[in-house]
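Visitor: Sequence:
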Amino acid sequence: MMDELAVDIVLRTHNRAPILEEAVESLFAADATGVQFRLLLVDNASSDGTAALIARMATRFGPRLVPLFEARPGGQHALNCAIARAEAPIIAFFDDDERVGAQWLQTIRREFAKPDTVFITGPCRPLWQGAAPDWLPAGYGGVLGIIDYGTARMRFYRDFGGMLTQGNCALRRWVFDATGPYPADLATAEDRWLNAWLEAEGAEGYYCPDFAVAHLMQAERLDPAYFTRWAAREGRDRAVSDHLSGLPSLFGYRWYWTQMMRSVTMLALRRGSRADRFRARLDLIQARANAATAVRRMIRVGAGG
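In the numbering used here, the protein residues as written are 1 to 305.
Because the hints were derived from the structure by calculation, they are not lab data. Yeah, the Cβ is synthetic: ideal placement off N, Cα and C, and Gly gets one too. Possibly wrong hints are sitting among the right ones.
To be verified - Label pairs and their calculated CB-CB ranges:
#1 W197 to A6: 19 to 27 Å
#2 A6 to G272: 49 to 57 Å
#3 F69 to Q36: 30 to 38 Å
#4 R274 to A58: 28 to 36 Å
#5 R271 to A32: 49 to 57 Å
#6 A184 to R125: 27 to 35 Å
#7 E87 to R274: 29 to 37 Å
Let the hints inform the model, and build the full structure from the sequences given.
Guide: Listed below in structure tokens is the structure:
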């Protein structure tokens with residue numbers, strides 16, 4: 001028989017009052033047998049009705065919902081705020097546009113009953129409010145929070161080359177004692193930075209197909225302009241993350257240059273489908289932002305900055 005497990009669950013939110021309550025309700029509706037949990041709910045400088053909604057939900061759910069406020073905008077600051085208040089040996093995370101599955105807490109309990117397990121993650125499956133657009137490129141599901149590595153339980157860094165994703169994961173709290181807080185200049189690549197540390201340490205982690213969340217497909221993200229902004233930000237933040245993690249620049253890898261040349265050729269010759277060409281364009285936007293950020297950092301280091 002498994003022992004009871006204490007878990008602190010982090011949920012950060014910014015100006016999403018219309019969808020926040022459903023996210024919270026999905027957690028409290030999950031099977032919590034043998035799990036003592038608290039929800040650390042961080043209002044990250046919202047200016048809509050989020051504060052009033054959180055106050056109402058705190059009354060409704062009692063001490064299991066801990067309201068927090070972080071005045072500095074940015075996911076990294078909201079995460080650091082909540083992690084600093086965590087007390088349980090396990091910290092789990094999901095997002096305000098997600099709905100956790102009924103067995104979400106039970107999967108955490110089962111997996112962390114094994115003392116060598118350091119972290120887990122699982123699928124984020126889309127909740128479409130209409131048909132998927134024909135321009136949606138393969139390999140960019142993560143922009144919409146779509147993550148699905150299949151139906152098999154797999155060990156990270158051995159069975160497959162996936163990445164822990166902040167929107168649906170659980171880790172032992174000592175990981176954050178070891179890493180320290182998320183860097184302040186890491187605006188959107190928190191999971192990439194954390195994943196680099198876990199891989200370098202050889203941490204034992206698993207992709208668990210039953211550790212699932214449903215992710216709302218929000219209309220404002222189903223826009224090519226959103227994807228291009230995301231690509232520029234991702235390229236920049238990947239360069240920052242790689243620098244902070246001591247990893248080489250992407251441009252030191254021959255495979256990356258080959259991929260970029262393939263993208264240039266596809267666009268120049270107008271080959272492939274609309275989705276294929278859009279993917280090529282996004283790849284190049286990322287590459288340009290990554291290179292510009294890496295060069296600026298090298299200049300700063302060379303100048304002693």
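Visitor: With reference to the structure, classify each hint as holding or not holding.
Guide: Each hint, compared with the structure:
| no. | hint | verdict |
| --- | --- | --- |
| 1 | W197 to A6: 19 to 27 Å | holds (24 Å) |
| 2 | A6 to G272: 49 to 57 Å | holds (51 Å) |
| 3 | F69 to Q36: 30 to 38 Å | violated (24 Å) |
| 4 | R274 to A58: 28 to 36 Å | violated (47 Å) |
| 5 | R271 to A32: 49 to 57 Å | holds (52 Å) |
| 6 | A184 to R125: 27 to 35 Å | holds (32 Å) |
| 7 | E87 to R274: 29 to 37 Å | violated (50 Å) |
The structure shown violates the earlier hints numbered 3, 4 and 7.
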